[in-house]
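A.B. asks: Chain residues, written in single-letter form:
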Amino acid sequence: MSAEESSAQVLTPAGLEQLLTVLRQRGYRTLGPTIREGVIAYDEIACVQDLPCGWTDEQSGGHYRLRHRDDRALFGYAVGPHSWKQFLHPPRQRLWSARRDGETLQVRCEPPGEHRLALIGVRACELRAIAIQDRVLLGTAPGDPHYRARRTDTFIVAVNCTLAGSTCFCASMHSGPQVTGGFDLALTELTTTASSAFVLQAGTSTGRAVLEQVPHRAASAAETAAARALIEHTAEHMGRQLPSDDLPQLLLRSLEHPRWSEVADRCLACGNCTMVCPTCFCSTVEDSSDLIGQETTRTRRWDSCFTVDFAHLHGGSVRQSTRSRYRQWMTHKLATWHQQFGSSGCVGCGRCITWCPVGIDITEEVTAIRASEPT
Amino acid sequence: MHAPKPRLAVWKFASCDGCQLSLLDCEPQLLTLGEALEIAYFPEAATVPMRGHYDLSLIEGSISTPRDAERIVAVRRRSTRLVTLGACATAGGIQALRNFADSGEFIAAVYAHPAYIRTLATSTAIAEHVPVDFELRGCPVNKRQLLEVISAFLAGRRPAIATHSVCIECKSLGRACLLVAHGTACLGPVTQAGCGAICPAFQRGCYGCYGPHESPNTLALSRALATLGLDRAHLLRLYRSFNANAEAFRTESARHAR
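Going down the list, the sequences are from chains A and B. If you read the first sequence in this note's numbering, its first letter stands for residue 59, the second for the next number, and so on. If you read the second sequence in this note's numbering, its first letter stands for residue 599, the second for the next number, and so on.
If you are wondering where the hints come from, they were derived from the structure by calculation, not from laboratory data. The model shown is predicted, which means the values in this text are computed figures rather than measured ones. Beta carbons: idealized from backbone N, C-alpha and C, even for Gly.
To be clear about the criterion: a stretch of chain B counts as covered by chain A if any three or more of its residues have a C-beta under 8 Å from a C-beta of chain A, and this derived list gives those stretches: (1) 622 to 634; (2) 743 to 753; (3) 759 to 771; (4) 818 to 824.
Next comes chain A alone, as it looks inside the complex (with noise of 0.2 Å):
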């Protein structure tokens, strides 16, 4: 037994009732999943019946459904639409302001402000992608204010995926499905008919601290031993595969495959990909005045390299054609962003499938690049 499982713990559902007061109390937001427009969304929770208990949900390409399932697990099902992203890094930021007054012009930098916001029920492959754009926005000095002053004070309750949906592919990734570090606590759900118990880590000091506060247990050993089967069966069902490590060298050869202009003919060019995608960190910023001339603002918002403006240079835009636009994303994703950050783009959580309107799945489309590579 390691030392990390010997100093396992065990939470019921009133222990996780008391860690969400507790961080609330501390002064976190706390988000998390909860049932909205008929999915699974992170949003605002207050408390433990905000969580979507006993709803499952049914993935595959362009096809999403929530189901019932015939437990009362509280986090028995796979990532919906919406990432982490959306508060670490918001799809809209004011960056400053200008005011003129007279002859005199007065720039006002959008503070970053105060965040304490805690995360409920992150996935590995999202705390893997946490760590992309991390590396992605704070890696290079200066670093974006904005995303640091929200990553600065988060808090992270890390869960490990006990059921794989049909469309992952963390274990292919190797982001998943077990958490392996970069959070303050770890819940694996063990789940009855009639109730859960969650087998709990502290990964740093401050998730330690906050779980003095809250009542728990030491887990038996037939606690941690089930809750380890669970996380080796979700890696063994994987939906999807996609091997991995030669991705790079297969795709950066192939950059003339047919299939390019096959999966254009597919894709609606529409950017559901990117906006879901929990690493895709591309903006835009916009610039607005008003009618007097008298203010401005920058705003950056999200972008994404499936419009036409995304790769305007001068003279007009050298990403015409959706197939080149495609292969942009894929082979940024899976090939050069090693090069440019030292890891794959791609953490295999499966969602640019599944909410891809057409359901282009960016396993399949390698598959395809893969077997039919001329030799």
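With chain A held as given, fit chain B onto it using these hints.
C.D. replies: Same frame as chain A, but now just chain B:
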């Protein structure tokens, strides 16, 4: 000594007046607008005769009569910058449904004395008749975007009007995809943003009021909608509405006609 204010004109062609009302609806900004521009011609707001040259002409409505086809040429001649407002001026509007039928039959069915009616067989966009400097989409236009276009004109800069899909706007607002999560027919993936994804916010699929986006793949969307159970008649109605005569929607609807 102040420079003279730029002169603004608002012109109406075949339309419902909704886009002009979007301008009047800019209530708090209307006084500022009056400070920044001389509102020289705006029949919806005040009766003043057409006179002189206009620095900015906003055009509402499509060209559907021989008289209007001549009038737009005269307006263009009097205007330094010409901006079209809305689906009628930019794509021909809902009245462009006549382009797919025999307009003579409509006239005979509606009017007691068809001989008095002088109309064209088609309803077409302003850009098919005269050069246009900027086309603002929507049915009706969004007043925030309208003020952005006017502000950009006054500042001599490019308007910050995105030409990408509704989906990007919809997801940026945190909405869940209706098409994927509910199987709802939605034109969002082929339609230009700008409305703030109003319909998806109320659990309704996008109706395509802003017309096709910059690179619409309507064929792929139709295939996906057909797998959700939409038949050809339904697909035809989907593409033949406010922007029926916009090229991508017109071509796609033809695939589902008859």
